[in-house]
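Student: Line by line, the protein sequences are chains P and V. Here the numbering used here runs 372 ahead of the position in the first sequence, where the first position is 1. No gaps in the numbering here: position 125 of the second sequence is 119 in the numbering used here, and each next residue is one more.
A couple of the hints might just be wrong.
[To be verified] Derived coverage of chain V by chain P (criterion: at least 3 residues anywhere in the stretch with Cβ under 8 Å from a Cβ of chain P; other residues may be distant):
#1 47 to 58
#2 101 to 108
#3 180 to 190
#4 195 to 208
#5 211 to 219
None of these hints come from the bench; they were simulated from the model. Here a beta-carbon is modelled for each residue, glycine too, at the ideal position from N, C-alpha and C.
Chain by chain, the residues run as shown.
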Amino acid sequence: MTAVPVDAHPYPYTFDPSRTALLVIDMQRDFLEPGGFGESLGNDVSLLRRTIGPLRAVLTACRAAGLAVIHTREGHQPDLSDCPPSKLRRGRPSRRIGDLGPKGRILVRGEEGHDIIDELAPQPGEPVVDKPGKGAFYATGLDGLLDVRGVESLIVTGVTTEVCVHTTVREANDRGYECLVLRDCVGSYFPEFQRSALDMISAQGGIFGWVAASGDFLDALRTTGTVAPHPTPASH
Amino acid sequence: MQKLAAADVPELHGTGAPPAAPPVRLGPVLARPYLWPYDGPVEIPRVALLCIDWQTDFCGPGGYVEAMGYDIGLTRAGLPATARLLEHVRALGMLVIHTREGHPPDLSDLPANKRWRSAQIGAEIGSPGPCGRILVHGEPGWQIVPEVAPAPGEVVIDKPGKGAFYATNLDLVLRTHGITHLILTGITTDVCVHTTMREANDRGYECLILSDCTGATDPANHAAALHMVTMQGGVFGCVSTSTEVIAASTAEVIAAGTAERP
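With the rest of the complex left out, here is chain V (with noise of 0.2 Å):
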């Protein structure tokens, strides 16, 4: 882990306090339509980095997505960019958080009308699918693809909605971690990400959603999604790569790294 504390840095020069480890930052990121964040190089831990609903049920075969009749080759398409930058923040030691979208076995928590629609187009929620019961917890379905499956310690969001931060907890374990700013990744990029961005922006937070790590069932969709962020100077944050992410954090990595080495 690179995290490090005044405490673990070596004494570089004999005698007297340690130098303070310099703290490891990201930014400015090549971002449209300004250089993010808006505040300068921010520091790794008050970033977070969201994983939204990478679940089979949404890009994994005989998920949900699929059984609506969408090609999943679209929402699959962030998986490997999103699995290289999960690798380099966990270097980091960047907070990195997932969420999942599903309802409890008994559906308590599913509004009427999502049930509704959902069975409007053959793939109603609850009712059983290639992969157990369609957005149910606890089945093969819901579980996030092994690609960038959770890894142990990292915090899994359970989301009754489109939006993470209704009903659910996160907003206090970002507050809880420090976490001004949030990288966003997942599917879909018009619905999930994009309401979870809208609900982190009213609520402050400075959001870069990533381009190659997000993905729609509809490509026009998930274009106009990207460019609305960028209008009015950025209304609901920034637009960039995982490339331009891992650019803008790779030098700090080095410095972090000849810091820790006597």
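Bound-form chain P, shown alone (with noise of 0.2 Å):
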């Protein structure tokens, strides 16, 4: 298979694009819309509401280029018995994970604000990966998913750049995964953050992987054909 160069940070990102997958991580409403636990505890919705756009483009050009499209939420059982208690209790926030707000129960399963916004809703067959912590890997199936796709390289999106996104490159980055996070289809409530989360990524020589702009990844994507559809199982 071809193998792209994206123009990106710390040098240039290559990648086959059948062993890929988009990552789109916790584009939630809770998170992205007014009224949702991110608002709830005092953040500017709009610094993060900034991605929807850059980054329909990415999923739409991913999968008409046949790319593997995983997407991820966080939150919790119902009876939040997998949210423990120093995540529930710590801060004294003025809503806690579990409380009634605007949109549901904050960060709760099957509630209006735990689920992904319209605007980047999953297609049927693209996983969705429910996650307990910032992380996309620890307590779920992620890791068994790209498995079983043959996936080795990822492309990384969603909200927030500094919590969930950098948690879970740091886990993708242990296991051997390469990483590639679009600059502008990453959002943080705070822009200092997603500065210095950014640089940290690239650092060192790219310490956890490399960092470019969505029009350079599509770019790089124009260039090579469809791939072919990957062998997922039935079940998905």
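Two chains, each in its own frame: build the complex with the hints.
Tutor: Structure, rendered in structure tokens:
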């Protein structure tokens, strides 16, 4: 398969589209929409909503090119049995996980606020990984989903850059996946963390991976043809 | 050792059952963004001190980090405070766990991309360096520096990645010891310490990172990594210093010492 170079930091990123997945992390109403959990903590959700446009373009192009697409959602069982007490109780937020918010119970699976925003809704056949933590590998089946698809490289998008995106990239990197983070498709409530988190990824010769603009990734993707359908199990 | 069992406590009041020893506790520690830990003072047997990757390769002369052209003064900055804290928590009987990043001599658990990237910056893992093969088990550069060397009996975890939980038995060791709270020291703040803190946080451990017992090759990344911890009500836990930890447990040391004295 074609190895397509992307203009990236700290140096060009090459990937084989047939062994690459697009990871869309936690683009949930609770984090992105007014009235969600993120806003209840005092955050400006418009800083995250800037990612929606570029991410839609990337999602469309990846689907057209036949890349594997995987979505994640942070959340907990309705009885909160998979929510550690330290996560539930620390910091004394005005609203806690499991409390009733404008979009249903905050960060609880099955509630409106927990689901992915309409603009980026998963298509049939695209796995949605529900995770109890910040990282998408801990206590989930993500590693297995990637393995069965033969994925070696991850195009990483979603929110927030320094929390769930960074934790997931760190987990992926330790597991040997080649991660390219698209700078305009990841967002943070804090502009300074957006900058420092992206700097940390490409520091020390790319200690966690690569960073590029989505336009440069799309340019590279256009140079390749559509990849053969992935041998995904029928159950997905 | 200050770790008291009921049988060790002398009878202070003549006849009858001996009074229970006062539990030696830590906290509240003055920290950002809240008084640590969230659930009030914690008994010492539930706390572990993590000393992450204080290896010659990262903070010693001729090691991997120096070979990459970085100033090891920055990664060594936390050594004196960590050494003082180690002395203090050992007296308390706290569990101490050290970690080392590295790979076996055949590099069988070294991901190809990690090897390739280290080669790109002129310090390929497994290649000969001034302190032996870089980041290879058993080599001088892979050893923990003498200032914070493990004491006999302390657990040492060897890890192939940045995080101390992935592909190691750290979680099992912590759960076996009944540990629920972690104090993190080590290097580098933004890479191995932060990755481990994120892993620990997802697993439900209540974490405290110490700004004077950590360090990074880039001071801006050190500051940013610490600041990130404090956001959103403490998204990964809290930030404090060794001085605060010592202050929040010294009274308990004295109390425990008094209880032991006839």
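Student: Tell me the numbers of any earlier hints that the structure contravenes, in ascending order.
Tutor: 1
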